[in-house]
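Take the sequences, apply the hints, and build the full model.
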Amino acid sequence: MPTYFEKKQLVTPGELLAEGDYIAGENSYMEGNKIYAQRIGLADAENKKVNVVALRAFYIPKTGDIIIGTVIEVGFNGWTVDIKAPYTAMLRASDVLSRPFKPQNDELSQVLNAGDLIVAKIASYDRAHDPQLTVGEPGLGKITRGQIMRVTPTKIPRVIGKKGSMISTIKQETGCQIILGVNGVVLVTGKTVEDEELAMMAIQKIEAESHTSGLTDRISLLLKEEKSKREEKKNE
Amino acid sequence: MSTLLTRVRQKQIGQLIDAGKRLDGRGLTDYREFTIEEGLIERAEGSARIRLGKTDVLVGVKVGTGEPFPDTPNDGVLTVNAELVPLASPNFEPGPPDENSVELARIVDRGIRESKAVCSEKLVIVPGKKVFVIFVDVYVLNHDGNLIDASALAAVSALVNTKMPNYEVEDGEVKIKAGDSPLPLKSHPITVTVAKISGKLVVDPWVEEEQVMEARMSMAINDDGNICAIQKGCAGFFTPQQILEAAKIAQEKAAELRKKLDW
Amino acid sequence: MSEKPEKLIDKKGIRLDGRKADELRPLKLQVGVLANADGSAYIEHGKNKIIVGVFGPREMHPKHLSQPDRMVLRCRYHMAPFSVQERKSPAPSRREVELSKVIREALEPSVFVDLYPRAGIDVYMEVLQADGGTRCAAITAASLAIADAGIPLRDLVVGCAAGKIDDTVVLDLYDAEDKLGAADVPVAIMPNLNAVTLLQMDGILTPAEFETAVGMAVEGCKKIYAMQKEALRTKYMTVKEEAEE
Chain Z
46 MPTYFEKKQL VTPGELLAEG DYIAGENSYM EGNKIYAQRI GLADAENKKV NVVALRAFYI
106 PKTGDIIIGT VIEVGFNGWT VDIKAPYTAM LRASDVLSRP FKPQNDELSQ VLNAGDLIVA
166 KIASYDRAHD PQLTVGEPGL GKITRGQIMR VTPTKIPRVI GKKGSMISTI KQETGCQIIL
226 GVNGVVLVTG KTVEDEELAM MAIQKIEAES HTSGLTDRIS LLLKEEKSKR EEKKNE
Chain F
4 MSTLLTRVRQ KQIGQLIDAG KRLDGRGLTD YREFTIEEGL IERAEGSARI RLGKTDVLVG
64 VKVGTGEPFP DTPNDGVLTV NAELVPLASP NFEPGPPDEN SVELARIVDR GIRESKAVCS
124 EKLVIVPGKK VFVIFVDVYV LNHDGNLIDA SALAAVSALV NTKMPNYEVE DGEVKIKAGD
184 SPLPLKSHPI TVTVAKISGK LVVDPWVEEE QVMEARMSMA INDDGNICAI QKGCAGFFTP
244 QQILEAAKIA QEKAAELRKK LDW
Chain X
2 MSEKPEKLID KKGIRLDGRK ADELRPLKLQ VGVLANADGS AYIEHGKNKI IVGVFGPREM
62 HPKHLSQPDR MVLRCRYHMA PFSVQERKSP APSRREVELS KVIREALEPS VFVDLYPRAG
122 IDVYMEVLQA DGGTRCAAIT AASLAIADAG IPLRDLVVGC AAGKIDDTVV LDLYDAEDKL
182 GAADVPVAIM PNLNAVTLLQ MDGILTPAEF ETAVGMAVEG CKKIYAMQKE ALRTKYMTVK
242 EEAEE
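Taken in order, these protein sequences are the chains called Z, F and X.
Mind the numbering: the first sequence is residues 46 to 281 in our numbering, read in order.
Mind the numbering: the second sequence is residues 4 to 266 in our numbering, read in order.
Mind the numbering: the third sequence is residues 2 to 246 in our numbering, read in order.
Bear in mind the hints are in silico, worked out from the structure with no lab data behind them.
Each hint should be verified, as a subset may be incorrect.
To be verified - DEER-style ranges, computed between Cβ atoms:
(1) F:Arg261 x Z:Met75: 43 to 49 Å
(2) Z:Lys207 x X:Pro63: 45 to 51 Å
(3) X:Phe113 x Z:Pro47: 23 to 29 Å
(4) X:Ala209 x Z:Pro47: 47 to 53 Å
(5) Z:Ser154 x F:Pro99: 36 to 42 Å
Glycine is no exception: its CB is placed at the ideal position from the N, C-alpha and C atoms.
So this is what it looks like as structure tokens:
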């Protein structure tokens, strides 16, 4: 029984991908014995599993994900956080304050206020409840410096690269610290604004050209070129 | 408060229908027993009340006068409104018409209007200036399923029952005289709703069946057996074959119902 | 006001706008036209011009409208005051309320609502210029916008109408034909699943004419479906091509 697409073919929702002895993988579904695409993306098959790598998707929380979010509301016993997902997340006061929490004495807005950015981890999430966050691990907490950019969540793995090769290249060439939230929010912290913008430009390029090959080398080349351009400008 | 069906009940209804049966013993294409009472509201120029099973709908017709629409200066005006009165169901709330009552009114309106049931050219008093306005108000008193067919039947019955006042025009003024005459009608559309449940086509869905149905199709059939209005409803689908099958069922049922009505 | 023309379709089978009985009006589709919306699309179908913005899935407001086990789809079909011959009040008319409902019921079967409980999707359709068949065009654009937002779908939904003018069943009526003709049958379908999700009719048709009209509308839908897929591919393909240069 055949598949009806070429490897990495661009497919649209509802497109018939395969018939017969296959299983529906990522972004595809089965109706009767036919497999159809659910999202726009590139179709592929691994043995009997038909997958679509979505070109456009939104973030769905998973326990353990590191994400970057914005506090939108200070409540009675915690904060509501926008994590760029269909559901807002909750960060409990008890998670942040290391001592017992007294609502009448503690002013939560002084710890975290609306508009603050945080790096957090999804502590728990299931169908029936909004995601719960935790900042009780090293590297998590309020963000005080750097620039934020958004990347389609499905492209984050490409920004990381094979064994982190892509992201290491960018960090090296720009000297920036980069935190990639699984939810598609990225924090870039560098010594200068130019360094940060260079890193951001590289990441944007990766997002735009994610399904091409030789990208790591091109990015490395681009970064080196931009840096030497800047050196020239300085010396003028 | 709501009357959500338990999953067990939903499954039961689906399984029965799959086997060609319904909870009240009806066949898949059987209507419930119904009675229509005419002329019960003397204040209204026409009225009718239908009881289709436990679904209870009262339609009142008021005749007024007014200006014709600018693009139809020689036609009277017909307007249909529907109220899902809160006492009819624990799920109905008071307030302005919601999308369900707007849809119900427009479906009933379409059946009457497109079949040209009302001889609107005979409703002109002073061409271009003054015409009769027929107000049809659908009042749902108890919701036990299939409000569309019940309302449509009651609406046409009410129109059949409607008496127009006799009048004469003196110096551009309309003067009401004694006596009345029946509202001129040239067609009597009947609307048949077919629901899709468990892949089968079911006629006259009752309220619990409506909670399980995937989609519904309402078709208005005129005296000649032609189709004059269709509305598919609910977030499900029909295959093109099911649509043609539903059309056939609608025609058959409309003919059957027509024999039972003394219009 | 112009006079009513004697015939809407002549002896040679040519309509007042030059089309044959089974010909579609020209169509243009664009995906991803609004920067703030999660998904968007624009359609020109004949003189119809409709823009659609989609937000979601996101938290529902007000919360009591959300469902515990599924996503809620909200649709708003609205006509701009300048979209029609006589200026239309911006307040929603009963027709817009009904169309918003039937359009939602046409789009919902394509959405996997069980995947995102408690969330909601808002689909806003604005008719900027109207010339008959707006609900079908709105559905075609809305489905693209929903796909553009990355929301998983069973299939795209595509709309097209057929009807009867003089004594001929024709495809894709424009406003004059709808007003002066004998019947109009708007249809929307998920083509790969053979599922009709919108079907309405006004006018008078014999059962045989109705069958012809439905068949014609479904064929018209399939032609437009190919254009929908092309519009989606165009948006994502240009990115791919630029990268490969």
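Numbered hints the structure breaks, given as an ascending list: 4
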